[in-house]
Amino acid sequence: MKANAYTRKIAKIDLSRKKISTEDLPESFIQDFIGGRGMNARLLYDEVAPRTHPLSPENRIVIGAGPLSGTMAPTAGRCQCTTKSALTGILGDSNVGGHFGAELKFAGYDHIIISGKSEKPAYLWIEDEKIELRDGGPLWGLDTWATASAIQEDLGNPDIQVLTIGPAGENLVKYSAVITNLSRAAGRGGAGAVFGSKGLKAIAVRGTRGLSVARPRDFMRSVEECFRRIYNDPGPKQRSVEGTPSLVVVMNAGGFIGYKNMQFATHDDIAEKLSAEKFLKYYSTKSKACFNCPVHCSHFYEVKEGPFAGIKGEGLEWGGILCLGIKPGVDYYPAVLKAYELANRLGFDCCSLGDMISWAMECFEKGLLTERETDGLPLHFGNYEALLLLIEKIARREGFGNVLADNIVEAAAKIGPKSLPFANHIKKLTIMGDVRKGYGFALGEAVSSVGAHHVRGAVLAEEGWVARAIPDQVAEEMFGSKEAKNPHSPIAKDRTVRWYERITTMADCLGVCKFVLSPYAGQKLITMKDLADLLSQASGLSFTENDFEWATERILALERAFNVREGLSRKEDTLPPRMWEPVAGGPKKGFKLEKELFEQALKQYYELHGWNEEGIPTPETLESLNLKFVGEELERLGKYGKR
Amino acid sequence: MSAWENTGNAERVDIQVRALGILKALVTEPCISLEKGSSVSQLLSLLMKRYGKPFQEIALDPETNQINSFICTLLNGKIVGDLDEGLKGGDEVTLFIPVSGG
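Protein chains in written order, with this note's numbering: chain Y, 1 to 643; chain G, 1001 to 1102.
None of these hints come from the bench; they were simulated from the model. Any given hint could be a false lead.
As the list claims (entries may be wrong) - Covered, in the sense of this in silico footprint (three residues per stretch, anywhere, with C-beta under 8 Å from a C-beta of chain Y), are these stretches of chain G:
no., stretch
1, 1036 to 1049
2, 1070 to 1082
3, 1087 to 1098
Stated by the list, open to error - Partial list, computed: chain Y residues near chain G (C-beta under 10 Å):
no., residue
4, H53
5, P57
6, D135
7, G137
8, W140
9, Q238
10, G254
11, F308
12, I311
13, E314
14, L322
15, H454
We put the beta carbon where it would ideally sit given N, CA and C, even for glycine.
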């Protein structure tokens, strides 16, 4: 019998013992953790003991497809990769698009848990009920694109979906990614290094078992309604043409362009040169979609002339343009595309990669680095030849590349303390975009359970400029104050952050893309209620919006507890020095996040979640969330002090 | 009397219109003439009339037949909170669909 939404199977792979087994997903976990990110968090919490070294055999990699992944729900092909991060030492949790998640479901698995370390390089091959470890020796050293092709060729099927690391992951670069479908990355947090440490080159999957839904008529009615709304909304219309590169001109208009390691708020020239308009006109060849997505926000591209002629690839997202173009001051589009290609092929999180190099460029221009330390590379902003060479050196951990292959705090320890004021990170994860959009955006990034992150609670309405979108009365009803709409006020930001935590957490749990959810309160895209209906109809179980709200609280508390076990405390819920400075230009010129007001919002955020003043979920809160055992463990570890 | 209808004797002002993203291909004129005292809302209404269905499909909320509240407008670089805000000659209005994430 085909499964309804959930396959209820976990594949467990012990690389040390070459032992492969399958287990049933504990039924009680479904209502509590929903799937994907939530379930991964629970599995990781149970399997990884505190203080486990991220690169040791004892760490785990948990892959989780959401319960909607593989169904006809729009965009439902996403997948979550969770581990103890090699980069940050806390929770590493990253979401990836493409087709891998859906294929995993078709093969019959919701989750994969990988432990141990393979003696020799290996890759995992899953074909329905058959799971085997295969020789990864011939693949070791290949880039991600060559690896995927080699596996598909070796196994004789181009439809096989491959999630793989590149040389950066093999060489344990701490922000290496796992890549699928050319450029889809479980990027942030360094899962690639954990794969590398285990000698695991790739996971290949092909599934033919299919997936059913419990109430197909109701489900399809909901799916059609979701599609109708997506097609009618201007947001997806914009994305379907320009994709995320559309953010370039909008962020410049807003004063968040981040030019030169976020020293400058606007830069009309680079925004024009790296605009979506230029990308579409000169380089994009056609649109590209992930599994079952009507938005097709990605593109295939090609550079047809000039020194980089011949580059072909897929993707190019705002994060890539920002971190490999705008932040390092590179305004030559083909060079940005080359850097993006290298990042994907060598297997990097392109955001962290570009951030590290941009920071090193500022170090160089401020005289903290010279060509003697950089192996002769003149690391001036805009020097794309140096940038491209440095990317390859980092992937190989060669010379100065080895300094930049670790996290920014470790690198700063080598370069010197004067580099810290412009090391833009939260919990050792570099900040992708400027967080000074408002108190809600900054708070959301500061409390994210993986370190700096723009889609785990940051108030996107502050980024998206939609202050007038909801009436004052609605803001008061939803968030307790009309000041919730005011990015420059700390009032009610605990609640606006929670609103975003709910929709982003549930997207990551269910396996759908955040780009079709309503990113702004009141917008008529897909809502939490729609998601609850879709999951109920698909699974045959009963889920309400209220269930999702409780599940979010539970997942956030568990992720928080995972980090508390690792020693994280309130002092890490903050921003780096540059983000406390006034905005340098643009419409928000002079706006400054005040520490005292931020602390006030942070305190309210803790209270709203039932966490104590140190940001630790209280035993009472944990018990109310069916996580009593977590409270008991934190108590045993002395995390509550003397009570 | 609509603000964009030429009365023949009312004083008129020129407004610079900068459309971003997919709106750029639709709003082809960089300068729009309006009756003095017109608001941002009246400018948007004029654009809807002038650029027809392709623009309306994006800018108009089909359920309320009002200007879609998620279309963002900046007046001289500052976000417009109230579409009734008045315009004066030489003002620049930036128009875009909000985007985030990435």
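Now the hints, each set against the structure:
Coverage of the stretch 1036 to 1049 of chain G by chain Y is violated. Counting CB-CB distances below 8 Å, 0 residues qualify, and the rule asks for three or more. With a threshold of 8 Å between beta carbons, the proposed coverage of the stretch 1070 to 1082 of chain G by chain Y holds, since 10 of its residues qualify and at least three are required. For the stretch 1087 to 1098 of chain G, the assignment as covered by chain Y holds, since 4 residues bring a beta-carbon within under 8 Å of that chain's beta-carbons and 3 suffice. Of the supplied interface hints, the one on Y/H53 is violated, with its beta-carbon coming no nearer than about 33 Å to a beta-carbon of chain G, more than 10 Å.
Because the beta carbon of Y/P57 sits about 36 Å from the nearest beta carbon in chain G, more than 10 Å, this interface hint is broken. Against a cut-off of 10 Å between C-beta atoms, the interface hint on Y/D135 is violated, since the closest Cβ of chain G lies about 38 Å away. Interface hint status for Y/G137: violated, as the beta-carbon distance to the closest one in chain G is roughly 37 Å, over 10 Å. The interface hint given for Y/W140 is broken, as the beta carbon of that residue sits about 33 Å from the closest beta carbon of chain G, more than 10 Å.
Against a cut-off of 10 Å between C-beta atoms, the interface hint on Y/Q238 holds, since the closest Cβ of chain G lies about 4 Å away. With its C-beta approaching chain G no nearer than about 8 Å, Y/G254 sits inside the 10 Å limit, and its interface hint holds. Because the smallest distance between the Cβ of Y/F308 and any Cβ of chain G comes to about 23 Å, over 10 Å, the interface hint for this residue is violated. Checking Y/I311 against chain G: minimum C-beta separation of about 21 Å lies over 10 Å; hint violated.
Taking 10 Å as the C-beta contact cut-off toward chain G, the hint placing Y/E314 at the interface is violated, the least distance being around 16 Å. A least Cβ separation of about 8 Å between Y/L322 and chain G falls short of the 10 Å threshold, and the interface hint therefore holds. A least Cβ separation of about 7 Å between Y/H454 and chain G falls short of the 10 Å threshold, and the interface hint therefore holds.
Comparing the model with each earlier hint shows violations of hints 1, 4, 5, 6, 7, 8, 11, 12, 13; every other hint is respected.
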